[in-house]
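Since the structure of chain A is provided, determine the placement of chain B on it from the hints.
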Amino acid sequence: DGGITQSPKYLFRKEGQNVTLSCEQNLNHDAMYWYRQDPGQGLRLIYYSQIVNDFQKGDIAEGYSVSREKKESFPLTVTSAQKNPTAFYLCASGPGPGELFFGEGSRLTVL
Amino acid sequence: QKEVEQNSGPLSVPEGAIASLNCTYSDRGSQSFFWYRQYSGKSPELIMFIYSNGDKEDGRFTAQLNKASQYVSLLIRDSQPSDSATYLCAVNAGANSGYALNFGKGTSLLVTP
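Listed in order, the protein sequences are those of chains A and B. For what it's worth, this note's numbering labels the leading residue of the first sequence as 32, then goes sequentially. For what it's worth, this note's numbering labels the leading residue of the second sequence as 17, then goes sequentially.
In short, the hints are calculated from the structure, not lab data.
One-sided excerpt, in silico: chain B residues whose CB lies under 7 Å from chain A:
hint, residue
1, F50
2, S59
3, P60
4, L62
5, F65
6, G114
7, Y115
8, A116
9, L117
10, F119
11, G120
12, K121
13, G122
Treat the numbers as computed from the prediction; the structure is a model and nothing was measured. Glycine included, C-beta positions come from ideal geometry on N, C-alpha and C.
Looking at chain A on its own, in the form it has when it is part of the complex:
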């Protein structure tokens, strides 16, 4: 089945640690996105990538990093510079102008 796979589903991190969230898609979409959602809030854009080896900062990129070495993969690293990383992280992909397709999300908790 075509779709977007995020892992891990749940992740716990100690303060000062970097963690990487995986996102893989087999929808053959060029564009991929990372969003963050806090309780009672909408989705806020962290990074996006329209083609391999290119990515752009979104509205809240500070403390995060990404890579796009393959069309199918767009991992997100939450660095120790992110002061409040506890959130629900959503990866999405899209074919261009139009709807975005979401993975099931990764819930990160800082201990």
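Just chain B, lined up with the frame of chain A:
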């Protein structure tokens, strides 16, 4: 910053009634608009999209767009308890933002039996 505004609710309607969800957006140049449904702890799923002024119907759902007023709405007819969720309005940010979607904070809908 391109804003998308929604009333956070909760909006409570009895089963079988019509639920009306509203959204306004700030970028007059926006071209495409989306409604997503999100159950607690789950990822958003697309309900409808609309690109042209007027109404678009799909089953129990009707999306309405008024570009002059910068207003999008979603009507849910014959509301069911399973419709209880948060509804997110999203607006395409355009090519300069990689066609990302700007989301509102969502409206919580509760359908009571």
